[in-house]
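Colleague: Residue numbers (this note's numbering), protein chains in the order written: chain A, 1 to 284; chain B, 1 to 120.
Derived from the structure by calculation, the hints contain no laboratory data. Heads up, some of the hints might be wrong.
[Said to hold, decoys possible] Here are the computed distance ranges between Cβ atoms for each label pair: (1) A/His236 to B/Asp97: 31 to 37 Å; (2) B/Arg17 to A/Tyr146: 25 to 31 Å; (3) A/Pro21 to B/Glu3: 56 to 62 Å; (4) A/Glu239 to B/Gly90: 16 to 22 Å; (5) A/Glu156 to B/Leu52: 26 to 32 Å; (6) B/Glu3 to A/Pro176: 44 to 50 Å; (7) A/Arg4 to B/Arg62: 35 to 41 Å; (8) A/Ser2 to B/Met1: 47 to 53 Å.
[Claimed, not checked] Partial list, computed: chain A residues near chain B (C-beta under 10 Å): (9) Tyr146; (10) Trp151; (11) Ile166; (12) Gly169; (13) Met171; (14) Pro176; (15) Val178; (16) Val219; (17) Glu228; (18) Tyr229; (19) Ala234; (20) Pro235; (21) Ser281; (22) Ser282; (23) Thr283.
Ideal Cβ positions, reconstructed from N, Cα and C, are used throughout, including at glycine.
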Amino acid sequence: MSTRIEGIVGRYAHIEIDGKPHRLYFEEAGQGIPLLCLHTAGSDGRQFRAVLNDPLITRHFRVLAFDMPWHGKSSPPAGWEKEDYKLTTGAYTDQIMTVARALGLERPVVMGCSIGGRIVLDLALKHAADLRALVGLQSAAYVERYYESAWLNHAEVHGGQACGAIAYGLMSPLSPDVDRWETVWHYMQGGPGVFTGDLFFYQVEGDIRARIGAIDTAVCPLYMLTGEYDYSAAPHDTEAAAARIKGARVTIMQGLGHFPMSENPDAFLDYLRPVLEEIRSSTK
Amino acid sequence: MIERIAELVNTDPAIMRWGRHLNDAFMVEVGGDQYLLTVRAGRVEAVEKGPLVQRAWRFAIRARADCWEKFWQKVPAPGWHDLFALLRRGDVAFEGDQRVLMSHLMYLKLLLASPRKLAP
Numbered sequence: 001m002s003t004r005i006e007g008i009v010g011r012y013a014h015i016e017i018d019g020k021p022h023r024l025y026f027e028e029a030g031q032g033i034p035l036l037c038l039h040t041a042g043s044d045g046r047q048f049r050a051v052l053n054d055p056l057i058t059r060h061f062r063v064l065a066f067d068m069p070w071h072g073k074s075s076p077p078a079g080w081e082k083e084d085y086k087l088t089t090g091a092y093t094d095q096i097m098t099v100a101r102a103l104g105l106e107r108p109v110v111m112g113c114s115i116g117g118r119i120v121l122d123l124a125l126k127h128a129a130d131l132r133a134l135v136g137l138q139s140a141a142y143v144e145r146y147y148e149s150a151w152l153n154h155a156e157v158h159g160g161q162a163c164g165a166i167a168y169g170l171m172s173p174l175s176p177d178v179d180r181w182e183t184v185w186h187y188m189q190g191g192p193g194v195f196t197g198d199l200f201f202y203q204v205e206g207d208i209r210a211r212i213g214a215i216d217t218a219v220c221p222l223y224m225l226t227g228e229y230d231y232s233a234a235p236h237d238t239e240a241a242a243a244r245i246k247g248a249r250v251t252i253m254q255g256l257g258h259f260p261m262s263e264n265p266d267a268f269l270d271y272l273r274p275v276l277e278e279i280r281s282s283t284k
Numbered sequence: 001m002i003e004r005i006a007e008l009v010n011t012d013p014a015i016m017r018w019g020r021h022l023n024d025a026f027m028v029e030v031g032g033d034q035y036l037l038t039v040r041a042g043r044v045e046a047v048e049k050g051p052l053v054q055r056a057w058r059f060a061i062r063a064r065a066d067c068w069e070k071f072w073q074k075v076p077a078p079g080w081h082d083l084f085a086l087l088r089r090g091d092v093a094f095e096g097d098q099r100v101l102m103s104h105l106m107y108l109k110l111l112l113a114s115p116r117k118l119a120p
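Pulled out of the complex, with its shape left as it was, chain A reads as follows (with noise of 0.2 Å):
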């Protein structure tokens, strides 16, 4: 009997992030042109399993996801019972930038989904000059609030099954059970009040649409691929902000929902790899 055993390593960062102390979790595998991926709101870096576990992107990419603070491994900083945790459009880049340069990175390549594939926009925006490139997979510039949100972090209901069963309907019923419901534990494991505070960002406060025409691709070049059947970041959501940004470039993901990298890691597997060797053929 031989045990497979994934070639990921995970490890712990020390690094200050907007002036708090934090021990942040990172998993990476491969060598190569950095590729730091961003996950979902309320989920983590597990969602990436499967691009880091491919050997025809990790001969050429080295591919890291760290879990943001609060989620996954990443423990929320000190004194976290004394405040409501709410992400912001400046935060978040602030963090990024500061997870890549605490990583040593070197012009990496980022690539967010959802809440990571509206942040690569505002990336775009502040540190184009820095980055190799962005893709955004489900990015749209602004989501306006068709649920109340409150709901997943309220006493009275269960946060973990609520978040679950919010996740589970933004997939493509095309993809595989096993991988689904996977997606749908990693929100089911989310601390109180996370997934709220992520969707503060995503619906209330990190509205960019007014901002993403002065986006210059000719600087950092920007990929978008968004699954048919994400409700959240449709592909009218991403077709609508690209039609404003000029030279991104689109692709629709026939068959994928809200989270293509976990939900169907075959099937997106097959989008991402002609976009990632693009990258490695086309940027310096």
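Fit chain B to the supplied structure of chain A, relying on the hints for placement.
Modeller: Chain B alone, transformed into the frame defined by chain A:
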């Protein structure tokens, strides 16, 4: 389709387990047709078709008949595969006690999607 929800749910422990703490009645409206569902510990005890007079319910989920028809396809098209997809467009309305609805959201999603098993 909805008339058979009781047998679809009650023979599927993977759905029933999500509703084990739900003991209530709720209304589902398919266009002009009312259906009052009574659930006891995740088991659908009754599906009563209206018109109903002065019956109590905890929450109601209402959509046009053509919306439910698209929702109940074996493999629904994008935008018709989840209650919240309809909610974002305003094609479904949630009324009544949202706390109870949100407490049992996974159960309700699975229960209301169960007629897809009957689709050709």
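Colleague: Next step is simple, just say for each hint if it's right about the structure.
Modeller: Quick rundown of the hints versus the structure:
1. A/His236 to B/Asp97: 31 to 37 Å: Holds, since A/His236 and B/Asp97 (Cβ atoms, about 33 Å apart) stay within the stated range.
2. B/Arg17 to A/Tyr146: 25 to 31 Å: Taking Cβ atoms as reference, B/Arg17 and A/Tyr146 lie about 28 Å apart, which means the hint holds.
3. A/Pro21 to B/Glu3: 56 to 62 Å: holds, 60 Å
4. A/Glu239 to B/Gly90: 16 to 22 Å: Taking Cβ atoms as reference, A/Glu239 and B/Gly90 lie about 21 Å apart, which means the hint holds.
5. A/Glu156 to B/Leu52: 26 to 32 Å: Distance hint for A/Glu156, B/Leu52 holds at roughly 28 Å.
6. B/Glu3 to A/Pro176: 44 to 50 Å: Violated, at about 31 Å.
7. A/Arg4 to B/Arg62: 35 to 41 Å: violated, 50 Å
8. A/Ser2 to B/Met1: 47 to 53 Å: Roughly 49 Å apart at Cβ, these two residues keep to the hinted range, so it holds.
9. Tyr146: holds, 4 Å
10. Trp151: holds, 4 Å
11. Ile166: This interface hint holds because 7 Å falls under the 10 Å limit.
12. Gly169: Status holds, d = 3 Å.
13. Met171: holds, 9 Å
14. Pro176: violated, 14 Å
15. Val178: violated, 14 Å
16. Val219: This interface hint is violated because 34 Å lies over the 10 Å limit.
17. Glu228: holds, 5 Å
18. Tyr229: For A/Tyr229, the interface hint holds, since the closest Cβ of chain B sits about 5 Å away, which is under 10 Å.
19. Ala234: OK, holds: A/Ala234 within 10 Å of chain B, min 7 Å.
20. Pro235: holds, 8 Å
21. Ser281: violated, 32 Å
22. Ser282: violated, 31 Å
23. Thr283: violated, 32 Å
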